[in-house]
Amino acid sequence: MRTLRYLLQKEFRQIFRDPSILRLIFIMPVIQLIILPFAADYEIKNIKLAVIDHDHSSYSRNLIAKIASSGYFILTNYNGSYSEAMNKIEHDKADLILEIPASFEKELVKENESKLFMAVNAINGVKAGLGSAYLRSIIQDYNKEVRTEWIQFPRFDPETNIAVTYSNWFNSSMNYKIFMVPGILVLLLTMVGANLTAINIVREKEIGTIEQINVTPVSKVHFILGKLIPFWILGLVVFTLGLGIARLFYGITPAGNIFTIYVFAAIYLLAVLGLGLLISTYADNQQQAMLISFFLMMIFILLGGLYTSIDSMPSWAKAITKANPVSYFIEVIRMVVLKGSGLADIKSQLLTISGFAIVLNGWAVLNYHKRS
Amino acid sequence: MAIVSMNEKVIVAENLTKKFGDFTAVDHISFGVHKGEIFGFLGANGAGKTTAMRMLSGLSMPTSGNAMVAGFDVYRENEKIKRNIGYMSQKFSLYEDLTVRENIRFYAGIYGMSSHFIKEKMGQVLGELHLTAEGDKLVKSLPLGWKQKLAFSVAIFHEPRIVFLDEPTGGVDPVTRREFWHMIYEAAASGITVFVTTHYMDEAEYCDRVSIMVDGRIDALDTPQQLKKTYAAESMDEVFLKLARKATRAAD
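In the order they appear, the protein sequences are chains A and B.
Numbering-wise, this note's numbering puts 352 at position 352 of the first sequence, and it's gapless, one number per residue.
Numbering-wise, this note's numbering puts 1153 at position 153 of the second sequence, and it's gapless, one number per residue.
Treat the hints as calculated values from the structure; they're not laboratory data.
By construction, the Cβ of each residue, glycine as well, lies at the ideal position given by its N, Cα and C atoms.
A few chain A positions that, by computed beta-carbon distances, are all more than 10 Å from chain B:
id: 1; residue: PHE38
id: 2; residue: HIS56
id: 3; residue: SER70
id: 4; residue: ILE89
id: 5; residue: LYS106
id: 6; residue: LEU116
id: 7; residue: MET118
id: 8; residue: VAL120
id: 9; residue: ILE139
id: 10; residue: TRP169
id: 11; residue: ASP284
id: 12; residue: ILE301
id: 13; residue: SER309
id: 14; residue: ALA319
id: 15; residue: GLN349
id: 16; residue: LEU351
Straight-line Cα separation of at most 30 Å, BS3-like style, residue types lysine-lysine; simulated pairs:
id: 17; chain 1: B; residue 1: LYS1009; chain 2: A; residue 2: LYS370
id: 18; chain 1: B; residue 1: LYS1009; chain 2: B; residue 2: LYS1019
id: 19; chain 1: B; residue 1: LYS1229; chain 2: B; residue 2: LYS1242
id: 20; chain 1: A; residue 1: LYS127; chain 2: A; residue 2: LYS144
id: 21; chain 1: A; residue 1: LYS45; chain 2: A; residue 2: LYS339
id: 22; chain 1: B; residue 1: LYS1228; chain 2: B; residue 2: LYS1035
id: 23; chain 1: A; residue 1: LYS127; chain 2: A; residue 2: LYS88
id: 24; chain 1: B; residue 1: LYS1147; chain 2: A; residue 2: LYS370
id: 25; chain 1: A; residue 1: LYS220; chain 2: B; residue 2: LYS1140
id: 26; chain 1: A; residue 1: LYS220; chain 2: B; residue 2: LYS1019
id: 27; chain 1: B; residue 1: LYS1091; chain 2: A; residue 2: LYS205
id: 28; chain 1: B; residue 1: LYS1140; chain 2: A; residue 2: LYS205
id: 29; chain 1: B; residue 1: LYS1147; chain 2: A; residue 2: LYS205
id: 30; chain 1: A; residue 1: LYS205; chain 2: B; residue 2: LYS1080
id: 31; chain 1: A; residue 1: LYS220; chain 2: B; residue 2: LYS1119
id: 32; chain 1: B; residue 1: LYS1140; chain 2: A; residue 2: LYS370
id: 33; chain 1: A; residue 1: LYS370; chain 2: B; residue 2: LYS1121
id: 34; chain 1: A; residue 1: LYS370; chain 2: B; residue 2: LYS1019
id: 35; chain 1: B; residue 1: LYS1147; chain 2: A; residue 2: LYS220
id: 36; chain 1: A; residue 1: LYS66; chain 2: A; residue 2: LYS115
id: 37; chain 1: A; residue 1: LYS220; chain 2: B; residue 2: LYS1080
id: 38; chain 1: A; residue 1: LYS177; chain 2: A; residue 2: LYS48
id: 39; chain 1: B; residue 1: LYS1035; chain 2: A; residue 2: LYS370
id: 40; chain 1: A; residue 1: LYS370; chain 2: B; residue 2: LYS1091
Next comes chain B alone, as it looks inside the complex (with noise of 0.2 Å):
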């Protein structure tokens, strides 16, 4: 388990609330997450975890509410809170003609990673992935559980303070799935916050603290094992179904 340090949150939200008209995706939710901390963003389809982790991360503008990133206002410091996160998405996002290798370069570089840097963690990241020899193959051919493993390393090549994952595991294999959590755990190791969002209850089970999100308010928060005590449930399953039957509002 990651070291986690209490005292230091790097993100704080406060009522953090988005509007598309009449709708209100999210509902004035108010959260922290420690440093260091797997924190798993749970929810049905359509619960607005995404749109709270697009505004965390800079891409979403909030309708009201505060929100501190890394030490970062969301609303006035949206840039710098892009130097330090990590972000990867619901859609499969690096670039499907150009190599393993140009990926990760591309990426490193944009984010101002200086060339030494990049050679240097290229070859490591490679290896770990198992990806050595196919470094110089297009990604699309790659299969999809190699791909996602491969977007998580791109998103945190640059060592970012807090990664943003958006359902990384969607459509992979236990297996690989398996592998994607000893990754993120090594991630967490190395004193990076994850920041977490999924469908599958026993990955709710590997994060430090989870919140679930019903109707775009936060009506949990708390580590899976108090949580399934309070709701005196066998499971993390069992959680979130009693939670989330609440829902009034129509999943997408």
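So here's chain A without its partners, still in its complex pose (with noise of 0.2 Å):
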């Protein structure tokens, strides 16, 4: 034990003379938190649209003030042709072309019925996903506003429609922030926990240090255990100013008990810091070890998800989602954040992130050789 508190000591000590792990701590996290909600929105705004009115009718004219008065789009070209919208869409000044056909009113009151044509610049395919439907829905409403315009007596609709009327639950706002500054927090943890401890030893490696400490007595478990307890509680530290932001800021408080959270993140960090320390074991030199994490932080967040659904991965994706921390950790955290989930809903989660810290911590211990 007393071979444990000298080595805690020192571990602190180190921690807090060195200005540069203090920033990465506190001020990444705050920034990052503040700042990426507000980026990662999956709401698709600011969309260029293109006009070709060939009818300068009223009708058409409404259209493209409901259009416009939407908020999501900006009208950068109107009138013109469609060469000249195409060459807009070409040069990236442009999102969607939309072209009423000269005819459009007319046909529209003689023969009820008329057309219009849509094009679409899929380079960014979320954009271009989003940003036609959106307009098409926009389209559908004004088609029911110039239906219910005309409609006499019956007032009765002649086609049966099937109307809709929804709630979302846990989240009634459908605010994406309360969705995603939980997850962002899970990969600030991860990264904070993993690249850290990985980091920090190599150090002592290139630097020479771990050597001198492998010739005197200090047993693996101490060292290991020596360097886990300092990040496992600077996690904790900076998990609780992630918390603290996200109820500041975005006024996001946990559904769920808070200690719910603290027990699934303080085993959590067990299998994270696990993970540093394994690469700690691999790696010679600290670019190794910034570029091992680096490789792996990305395939946690791309399949993590935290901006994808893994429902919706094909099933070797999401295969690879079961080996990936970071997706239990969203997962858990949206559950208690939002629904309020207790500790017997994330049995699961629980179990499988402990697994998770037993065999990377197991594996580190025994790769990590005194002698060589």
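Put the complex together from the two separate chains, hints included.
Below you can see the structure in the form of structure tokens.
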């Protein structure tokens, strides 16, 4: 125990003496949590729309006014020819083209039917998909308005309609920030945990102090605990800071018990620190450690269910997410924050992440040799 | 000169060998080191000195052969060996971002020294090093020579039976080198066996006995006087050159 006390004292001294580590630990999470959620917005705005109106009727003008007032579109081009608008798309000055034929109003009034043409720049798939969907729903809306305007007696809709009313459970206003902020917090915790531990130990390898430790009677377990405990505490501090920011800036208060989140976070951190430890046993220098953890972070982020739903991934990708500790925490933190799940509800995730912690740390201990 | 006990051997190596793949870094070396002796371990770069020293101090697993250090077997009892030795590597390995006192306290602490012992000896050691005023300065602010002397003091702070020094005076000025050897003599006088590698032939003259490694083998082992006689040389420099020229292995 005394040995551990000396190791911990030394580690904390070094951490608090290194301004770059403190910056990394405290300023990075604060800035990322304040800035990222605004940028990582699912809603697509500012779609550049080019309209070619061959009709110039009151109906076509009304339609365009309705589109422009929706707030999603910026009218970059009005009138001109189709080839001119296409040119805009080619130069990335437009994302969508809406062509209104010359006989739009006439046909609508006379034949009860009219056609519009939409061309989409599909280079940015998300923007293209959502943009055209928005535009379509605005046009449908407009269509309904026109119809209600024209319908005379009897005031029944001659077509059968299924009206759907819906409510969004657990996030009634569909506020994506409530959904994103906890997820980003998980990523931050993962990065702080894995990177700091890996780099810290590899730095001791580079400097040569680890060899000096290896030649002392300090046991492997003590040495590893001496590294894990300080970063475990730091991780929980960062996590607390993050929850504070979520509350202060976004008004996010977990629906469930905060204790539940901390229990999971504490075990999760052990798993992540174990990963950092494992990386450090394989990497010989800081560059290698950085590259390995960078590579892993990319996979963790993209296959973690933060930006994309895991349920919609192909089965092989789903299999990978099973080996991704991040995906479990993101799932759990959303369950607890949004739905108010308790310890009993997250039991399986808790067990899985405990397994991760045991395997990663065990592997790291086995792979750490005091003697080469 | 230290009191050397010829009867008691604290290091015994028999056919100690280390291979890295096809390359034999240390090739069946056998020797014994007496208690209280200053044992010089010479050889050109890449001759295998550091590898041999790492095997004896429990940092490297021998491929074959036997060795006992402080009465313990290097294969099975390497953790027990570690309690009884001090080690100063080629790389400076104190924590630069800790102060002089913090470094001493840390290393003494992990060797299991009591707080009382640490406190008491700290004052004495800092006094001897003339570092009392610098005790609370970060180690990185000290000049190299002072750092090396401090590293040596830390290596023997827990009063080990043997101290291994790997080129402790590399890059150090002649005055500090002399002071450093003064400290080595004092350590030997207090009963600590000193196992030291060096490239400076004047330092070899200070040793009780000297071994010279060539291509992983020990080609000569004797007192400096005897070696000079055997090789009909004026100085240790000449002895070394005569032996090292036979090396076929490229220096690193």
